[in-house]
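Peer 1: With the hints as constraints, model all of the structure from the sequences given.
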Amino acid sequence: MMLELSSVCSGYGRVRIINDVSLTVSPGEIVAVIGRNGVGKTTLMKTIIGEVQTHSGTVTFRKQDVTALPTSARAKLGIGYVPQGRGIFSRLTVGANLALGTGVGTASQPNLERAFEFFPILKKRLRQPAGSMSGGEQQQLAIGRILVGEPDIMLLDEPSEGIQPSIVQEIGRTVRLLSRQQGLTVVIVEQNLSLIQAVADRCVVIDNGAVIATLAPDELDDPETAKTYLAI
Amino acid sequence: MDFVGQIVSYFYQYFDNAAFLILAAVGLILIYGMMGVINMAHGELMMIGAYVATLTYNAGTPVPLAIALAGCAAGAAGIIIERLIVRHFYNQLLSSLVVTWGLSLILSQGVLVLLGPSTMNMPTPLGSFSVGDFSFGVYRMVLFGVAVAMIVGIWMLFRYTAFGNRAHAAMENPRMAEALGVNTRRVYTTTFGLGSALGGIAGGMFAMTAAVSPFFGQSYTPLAFITVVIGGGANAVLGLAYAAAYLAGVQTITSNVFNQYIGYVSIMAAAFVVLLAMPSGISDFIERRRMRSMQR
Ligand SMILES: Nc1ncnc2c1ncn2[C@@H]1O[C@H](COP(=O)(O)OP(=O)(O)O)[C@@H](O)[C@H]1O
Ligand SMILES: [Mg+2]
Numbered sequence: 001m002m003l004e005l006s007s008v009c010s011g012y013g014r015v016r017i018i019n020d021v022s023l024t025v026s027p028g029e030i031v032a033v034i035g036r037n038g039v040g041k042t043t044l045m046k047t048i049i050g051e052v053q054t055h056s057g058t059v060t061f062r063k064q065d066v067t068a069l070p071t072s073a074r075a076k077l078g079i080g081y082v083p084q085g086r087g088i089f090s091r092l093t094v095g096a097n098l099a100l101g102t103g104v105g106t107a108s109q110p111n112l113e114r115a116f117e118f119f120p121i122l123k124k125r126l127r128q129p130a131g132s133m134s135g136g137e138q139q140q141l142a143i144g145r146i147l148v149g150e151p152d153i154m155l156l157d158e159p160s161e162g163i164q165p166s167i168v169q170e171i172g173r174t175v176r177l178l179s180r181q182q183g184l185t186v187v188i189v190e191q192n193l194s195l196i197q198a199v200a201d202r203c204v205v206i207d208n209g210a211v212i213a214t215l216a217p218d219e220l221d222d223p224e225t226a227k228t229y230l231a232i
Numbered sequence: 001m002d003f004v005g006q007i008v009s010y011f012y013q014y015f016d017n018a019a020f021l022i023l024a025a026v027g028l029i030l031i032y033g034m035m036g037v038i039n040m041a042h043g044e045l046m047m048i049g050a051y052v053a054t055l056t057y058n059a060g061t062p063v064p065l066a067i068a069l070a071g072c073a074a075g076a077a078g079i080i081i082e083r084l085i086v087r088h089f090y091n092q093l094l095s096s097l098v099v100t101w102g103l104s105l106i107l108s109q110g111v112l113v114l115l116g117p118s119t120m121n122m123p124t125p126l127g128s129f130s131v132g133d134f135s136f137g138v139y140r141m142v143l144f145g146v147a148v149a150m151i152v153g154i155w156m157l158f159r160y161t162a163f164g165n166r167a168h169a170a171m172e173n174p175r176m177a178e179a180l181g182v183n184t185r186r187v188y189t190t191t192f193g194l195g196s197a198l199g200g201i202a203g204g205m206f207a208m209t210a211a212v213s214p215f216f217g218q219s220y221t222p223l224a225f226i227t228v229v230i231g232g233g234a235n236a237v238l239g240l241a242y243a244a245a246y247l248a249g250v251q252t253i254t255s256n257v258f259n260q261y262i263g264y265v266s267i268m269a270a271a272f273v274v275l276l277a278m279p280s281g282i283s284d285f286i287e288r289r290r291m292r293s294m295q296r
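Residue numbers (the working numbering), protein chains in the order written: chain F, 1 to 232; chain X, 1 to 296.
The reader is advised that the hints may include incorrect statements.
Stated by the list, open to error - Taking beta-carbon pairs under 7 Å as the criterion, some of the chain X residues facing chain F (in silico):
1. N165
2. H168
3. E178
Everything labelled a hint here was simulated from the structure, so no lab data went into it.
Positions of the beta carbon are idealized from the N, C-alpha and C atoms, including for glycine.
Peer 2: As structure tokens, then:
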């Protein structure tokens with residue numbers, strides 16, 4: 001297993017949001033986490049990277065129990081986190097943002113070429129302040145940034161949010177390619193039906209902080225099902 | 001009247017005043033810009049540096065090494081203070097002020113108990129040069145050189161190194177920095193230690209121009225504090241340079257037109273004027289304008 005959550009409960013302070021979630025993700029797999037707004041998808045991602053404290057249960061990454069590890073240590077083990085809202089350092093240049101990706105995994109040298117290979121636009125923007133780029137470009141930077149390191153898994157939280165459709169499609173293709181060509185494992189939180197169906201091998205449905213169903217992507221073809229599980 | 005000597009004297013005073021402000025404030029503003037706390041015990045770290053420099057010098061250590069040891073001692077003390085106390089008060093300006101102020105009292109009173117109230121001295125090295133009828137201390141110019149070197153050094157550290165990049169990231173968004181493998185705690189500890197070490201070096205250097213006593217730090221804290229507030233935290237290094245250039249200018253003019261005391265008081269007045277126009281300091285003001293012009 002690449003990633004395994006067993007009976008995880010977590011939340012903010014004493015407030016519990018994630019309630020007894022168990023989930024396994026195999027190497028190279030793309031798992032979509034779906035569900036309506038406010039059900040706890042982002043909190044689940046933050047629990048995996050360690051930004052939100054686990055109350056009980058365990059998070060295991062590549063056979064290692066990481067439940068007690070701080071966020072930076074989890075990143076160093078190879079968990080690459082692309083948060084909702086992208087988490088770009090807007091005052092730093094694109095190049096400086098990319099350099100920070102070296103901290104994901106144990107790479108000793110930044111692998112900038114890999115970021116440029118998948119997101120050529122970044123090469124042209126290297127010296128520009130990252131905050132001056134468009135939303136789509138920032139999303140590409142956020143993904144490219146972790147590719148500069150050596151992630152084994154990528155946690156991608158709502159990459160399509162606030163981005164024009166053509167770039168959403170491009171990001172979908174890239175995620176698929178990263179998984180198939182580079183063996184990257186992906187957990188992607190999404191609300192965009194076409195993006196989910198373009199990338200996911202499997203969909204995990206969250207409601208009220210718990211996993212309520214697991215679907216094959218094409219089951220979402222049924223409008224009733226899609227309406228039940230997504231915020232459309 | 002000796003015209004050239006008088007002109008040189010004005011510049012000399014200006015550089016001397018600027019060096020005083022920069023050296024007293026450099027470590028303080030680094031910590032403030034990075035972590036949003038003002039370490040009121042910074043003067044006491046300078047005091048520790050001054051004692052270490054004086055004691056090691058009197059024991060036969062050459063001056064540069066004595067100053068380096070002063071920096072190491074204050075840096076180590078700073079790291080301990082950060083780990084035990086300051087860590088809990090990041091980005092809480094008021095709490096951090098109160099706590100570190102208490103610490104400054106403990107440190108100065110502690111040294112008073114330990115070493116007694118008598119002062120120690122260290123001779124001012126390097127002699128003097130004269131222009132016309134005026135005589136100038138070479139060491140004062142060394143102080144200015146060191147002050148400039150510190151500003152340039154910090155600027156390069158934060159601009160061009162991986163550590164600087166991680167520090168900027170930790171400053172802008174600590175959670176995201178953590179998620180990219182940055183150990184933000186270590187970045188903060190390192191920065192605090194560095195700021196403290198700079199204070200210790202400054203203290204060691206001032207030990208050659210002023211008497212060293214348990215209350216040594218109190219001669220520096222008020223002006224350092226004003227310089228930091230005027231400089232602002234948005235871009236610590238630039239802020240420090242602007243604030244020192246401005247305040248030293250005002251002080252040099254007023255102390256020549258009137259007297260030393262008025263020169264000192266005019267620093268407060270000059271600070272007051274700046275804060276009316278730019279409440280969060282010069283570098284904040286400039287950064288905000290830069291951001292606005294970038295968005296257009
Ligand atoms: N920092 C926080 N502190 C307290 N509660 C939060 C915080 N962030 C989110 N929540 C709450 O946690 C719940 C789940 O939020 P979130 O994980 O962001 O949902 P989703 O990503 O599925 O839209 C919501 O009820 C939200 O109000
Ligand atoms: Mg969310």
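Peer 1: Determine for every hint whether it applies to the structure shown.
Peer 2: So, going through the hints one by one against the coordinates:
1. Nearest Cβ of chain F to the Cβ of N165 (chain X): about 5 Å, under the 7 Å cut. The hint holds.
2. Contact between H168 (chain X) and chain F, as hinted, is supported at the beta carbon level, the nearest pair being about 6 Å apart and thus within 7 Å.
3. Annotation: interface hint on E178 (chain X) holds; nearest CB of chain F at approximately 4 Å, less than 7 Å.
Checked against the numbered hints above, the structure violates none of them.
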